[in-house]
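Number of protein chains: 6
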Amino acid sequence: MPIINIKITKEGVTPAQKQALIKGATQLMVDVLDKAPQVTFVVIEEVETDDWGIGFDQVSMLRQQNLSPK
Amino acid sequence: MPIINIKITKEGVTPAQKQALIKGATQLMVDVLDKAPQVTFVVIEEVETDDWGIGFDQVSMLRQQNLSPK
Amino acid sequence: MPIINIKITKEGVTPAQKQALIKGATQLMVDVLDKAPQVTFVVIEEVETDDWGIGFDQVSMLRQQNLSPK
Amino acid sequence: MPIINIKITKEGVTPAQKQALIKGATQLMVDVLDKAPQVTFVVIEEVETDDWGIGFDQVSMLRQQNLSPK
Amino acid sequence: MPIINIKITKEGVTPAQKQALIKGATQLMVDVLDKAPQVTFVVIEEVETDDWGIGFDQVSMLRQQNLSPK
Amino acid sequence: MPIINIKITKEGVTPAQKQALIKGATQLMVDVLDKAPQVTFVVIEEVETDDWGIGFDQVSMLRQQNLSPK
Numbered sequence: 001m002p003i004i005n006i007k008i009t010k011e012g013v014t015p016a017q018k019q020a021l022i023k024g025a026t027q028l029m030v031d032v033l034d035k036a037p038q039v040t041f042v043v044i045e046e047v048e049t050d051d052w053g054i055g056f057d058q059v060s061m062l063r064q065q066n067l068s069p070k
Numbered sequence: 001m002p003i004i005n006i007k008i009t010k011e012g013v014t015p016a017q018k019q020a021l022i023k024g025a026t027q028l029m030v031d032v033l034d035k036a037p038q039v040t041f042v043v044i045e046e047v048e049t050d051d052w053g054i055g056f057d058q059v060s061m062l063r064q065q066n067l068s069p070k
Numbered sequence: 001m002p003i004i005n006i007k008i009t010k011e012g013v014t015p016a017q018k019q020a021l022i023k024g025a026t027q028l029m030v031d032v033l034d035k036a037p038q039v040t041f042v043v044i045e046e047v048e049t050d051d052w053g054i055g056f057d058q059v060s061m062l063r064q065q066n067l068s069p070k
Numbered sequence: 001m002p003i004i005n006i007k008i009t010k011e012g013v014t015p016a017q018k019q020a021l022i023k024g025a026t027q028l029m030v031d032v033l034d035k036a037p038q039v040t041f042v043v044i045e046e047v048e049t050d051d052w053g054i055g056f057d058q059v060s061m062l063r064q065q066n067l068s069p070k
Numbered sequence: 001m002p003i004i005n006i007k008i009t010k011e012g013v014t015p016a017q018k019q020a021l022i023k024g025a026t027q028l029m030v031d032v033l034d035k036a037p038q039v040t041f042v043v044i045e046e047v048e049t050d051d052w053g054i055g056f057d058q059v060s061m062l063r064q065q066n067l068s069p070k
Numbered sequence: 001m002p003i004i005n006i007k008i009t010k011e012g013v014t015p016a017q018k019q020a021l022i023k024g025a026t027q028l029m030v031d032v033l034d035k036a037p038q039v040t041f042v043v044i045e046e047v048e049t050d051d052w053g054i055g056f057d058q059v060s061m062l063r064q065q066n067l068s069p070k
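These protein sequence lines are chains A, B, C, D, E and F, in that order.
Note that the UniProt record's numbering has the first sequence beginning at 1, numbered continuously upward.
Note that the UniProt record's numbering has the second sequence beginning at 1, numbered continuously upward.
Note that the UniProt record's numbering has the third sequence beginning at 1, numbered continuously upward.
Note that the UniProt record's numbering has the fourth sequence beginning at 1, numbered continuously upward.
Note that the UniProt record's numbering has the fifth sequence beginning at 1, numbered continuously upward.
Note that the UniProt record's numbering has the sixth sequence beginning at 1, numbered continuously upward.
Extracted from the complex, chain A is given alone in its bound form (with noise of 0.2 angstroms):
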């Protein structure tokens, strides 16, 4: 019975993005821990550009100067 958080920032992931993490990221349980799928919850966080920061500056900045990885 895992619970899986996924945080990442709000930048276009579509559903079907979405549906395939959570597939896989529910295998990923299935396969190391032998989990039951129908007790694995993956609920996944999106984080407007603003409110993430990552050294010293919102990525929201990063992103209009092309500086910080995906």
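These aren't lab readings, by the way, just hints derived from the structure by calculation.
Keep in mind the model is a prediction, meaning the values are calculated, not measured.
In this text, a Cβ means the ideal position worked out from N, Cα and C, and glycines have one as well.
Some hints could be false.
[Unchecked claim] Now the in silico label distances, taken between C-beta atoms and shown as ranges: (1) F:Ala36 / A:Pro15: 39 to 49 angstroms; (2) A:Glu46 / B:Asn66: 31 to 41 angstroms; (3) F:Gln64 / B:Glu11: 43 to 53 angstroms; (4) B:Pro15 / D:Gln38: 40 to 50 angstroms.
[Unchecked claim] Below, a list of computed lysine-lysine pairs in the DSS-like style, where the Cα atoms sit at most 30 angstroms apart: (5) D:Lys35 / C:Lys10; (6) F:Lys35 / D:Lys10; (7) C:Lys23 / C:Lys70; (8) E:Lys70 / D:Lys35; (9) C:Lys10 / C:Lys23; (10) C:Lys35 / A:Lys23.
[Claimed, not checked] Residues of chain B clear of chain A, computed beta-carbon distances all greater than 12 angstroms: (11) Thr9; (12) Thr14; (13) Gly24; (14) Ser68.
The hints should help you fit chains B, C, D, E and F onto chain A, whose structure is shown.
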């Protein structure tokens, strides 16, 4: 000074239900652990059904097929 | 399928109290939101009083001076 | 490589204030623990005042009655 | 720069399995979202079975009665 | 009433450093957002280096090879 975080799918929870969750969770801390309500935080997090996965699939999809419990 | 996370200071909470917290939090989800208990997770997180701060100070220090509410 | 998560009520925090929170939190990690800024994450989470409870009540309600501290 | 938090019950997960979880979760971010591994954090949180509840009960108790899925 | 959660690797952080983190984080909320210290929570979470991954690997392994920044 507990912090209770309630993560639920975003499916029409009303303000009155939120007040009931906050009241009930706080009362639980008072009853079981004798905690002080004035420093008991309850935070509700509503998650889009596209962003919540169980059993390999997004809840949004499972809901369309009436497949997943509330 | 709610996830309820209960963060409390590590101050002698007994297994019976933990069972009461889990039961009460699950019942709250059933009563207020008609959620399915079999996919309702409750996770308790105990935090050392050195690691929890309120009003600029560690709870461990405030406890020594009988200064902070439970 | 710290992760600092700042959870606050959604009450008009400006982009400049968010930048100041990110800068200040990162500087704190550098000053106290000599952490590397380029792998220090700061994530700000704004919570609706309906979704945050203290002392049995929603902050939204307490704000209407000027009852709760910021 | 995703943050993946994996919360699992504390039931004998080996260092090798932890490495496999970290590798697999990072690879998932690279494959699905083309994220940069050097700023992809994976954090594993092991929770005592007394502290995790499902269906009203502590996992520790359910395990004794062989009642709950992994 | 902010909640600041500071997640760091478990690598010998002293009680005095924890007090400095709590003091500094609280002061940041007062300075930037004029928040009330008496309802400002700071919670420090120390994570084993086996349980924290960056760039596909566990920090414990990277530390052995002097490969990862603090």
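Violated constraints from the hint list, given by number and in increasing order: Hint check: 2, 8, 11 and 14 fail, others pass.
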